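This is what each chain is made of:
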Amino acid sequence: MGKTKYMMSGGLAFSEDKDMERLRACSLNGWHICDIKFMGYALERGESTDYIYSVDYQTVNEEESEEYFDLFSAAGWTHITSKGDIHLFRATPGTKPIHSDRATVAVKHDNLGKSLKWLAISMLFMTVLVWMGALISTGPLRTMLAIIATILCIVSIPLGWTVMTIYHNKWKAKGKKGLVHLVKTIPFLFILSVAVIISVVVDNSGRAFRIFASMAIGAIAFPAAIWIIMSLYHKVRGNRV
Amino acid sequence: MAALTKPRHGYAIMSLIEETTKGTITIGPASMYTIIKKLLKQEWIYLYDGTDSRRKTYLLTEAGKAVLEEDVKLRKMMIQLAENGLKEAGEWGKPSI
Chain P
1 MGKTKYMMSG
11 GLAFSEDKDM
21 ERLRACSLNG
31 WHICDIKFMG
41 YALERGESTD
51 YIYSVDYQTV
61 NEEESEEYFD
71 LFSAAGWTHI
81 TSKGDIHLFR
91 ATPGTKPIHS
101 DRATVAVKHD
111 NLGKSLKWLA
121 ISMLFMTVLV
131 WMGALISTGP
141 LRTMLAIIAT
151 ILCIVSIPLG
161 WTVMTIYHNK
171 WKAKGKKGLV
181 HLVKTIPFLF
191 ILSVAVIISV
201 VVDNSGRAFR
211 IFASMAIGAI
221 AFPAAIWIIM
231 SLYHKVRGNR
241 V
Chain Z
1001 MAALTKPRHG
1011 YAIMSLIEET
1021 TKGTITIGPA
1031 SMYTIIKKLL
1041 KQEWIYLYDG
1051 TDSRRKTYLL
1061 TEAGKAVLEE
1071 DVKLRKMMIQ
1081 LAENGLKEAG
1091 EWGKPSI
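Sequence lines, in order, name chains P and Z.
Read in order, the letters of the first sequence correspond to residues 1 to 241 in the working numbering.
Read in order, the letters of the second sequence correspond to residues 1001 to 1097 in the working numbering.
Hints are not guaranteed to be accurate.
Here are the computed lysine to aspartate or glutamate pairs in the DMTMM-like style, where the Cα-Cα straight-line distance is at most 20 Å [what the hints assert, rightly or not]:
#, chain 1, residue 1, chain 2, residue 2
1, Z, Lys1041, Z, Asp1071
2, Z, Lys1038, P, Asp101
3, Z, Lys1037, P, Asp17
4, P, Lys96, P, Asp35
Bear in mind the hints are in silico, worked out from the structure with no lab data behind them.
In this text, all values refer to a predicted model and were calculated from it rather than measured experimentally.
Please model the complete structure; the sequences and the hints are all you need to start from.
Here it is as structure tokens:
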């Protein structure tokens, strides 16, 4: 058996608490996180220990990083790894949480959302623009634009969803109930409207059903494929090192 | 903010608050860092000594002092109000027989 393995994340924006609980469970089984990977974590074999985990989002530049990490270690939190603005810490159970009030938790989610917000907005804008281009053009240009638009859709929908979830987390921390409910209903409205549009545009009901089925299969197969590729990649590389 | 009437670094503020409130109030490290960043941006505190990059010390600015004084005044009034309220409640609550 290898010394390291890959564990897929539920997406930090979507399941931060759940991910941290899973990391704790893995540590109890003797698998400790050592690195943040593409859409997941690298775990390494060690002794079974009860550790609790916390993640913080903060833009820390070179000269500020010592001060930042010193605050955590002084409070009993060991820094494990960082990826960009995402910093992961570990401590023994009973250590005081890294956030002590809701206002700073809201800032934390804002730190993560800020960087993604404009990317998501410009991507959505571009997607709409290319779709419109595809609708008004004809011939090979239309096919090309339609393909580009589809690719943009595949990227921008999860991205938009992620940003919405981050702001949902932020507003939840701030106690803004109305906004939280609004954000929660948007994905359902979106799926519903896509379903309605497809049913209306595609007159043949058999074909419409096939489109829904392939969408559902795609939604399951895409993350599964990433998990398989990352696990294999990790195994092959882990054995070589 | 009240902990920065004397130059102190982040961890010293965390320990001071924990000690003076006997552990009733604690500040987490992520919260502490976020609060320092916010106060610096508002120019209510400034970097007093940055020679030790691990333990930089901060001090209140004049603007920060004014804000703190205002805040204390407001809180005093609120405490006064609450104390008066409790006194009244005590008088009302006495058995009438």
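Here is how each hint holds up against the structure:
1. Z/Lys1041 with Z/Asp1071: holds (19 Å)
2. Z/Lys1038 with P/Asp101: Given pair Z/Lys1038, P/Asp101 holds - Cα atoms ~14 Å apart, limit 20 Å.
3. Z/Lys1037 with P/Asp17: violated (25 Å)
4. P/Lys96 with P/Asp35: violated (23 Å)
Hint check: violations occur at hints 3 and 4; the rest are consistent with the structure.
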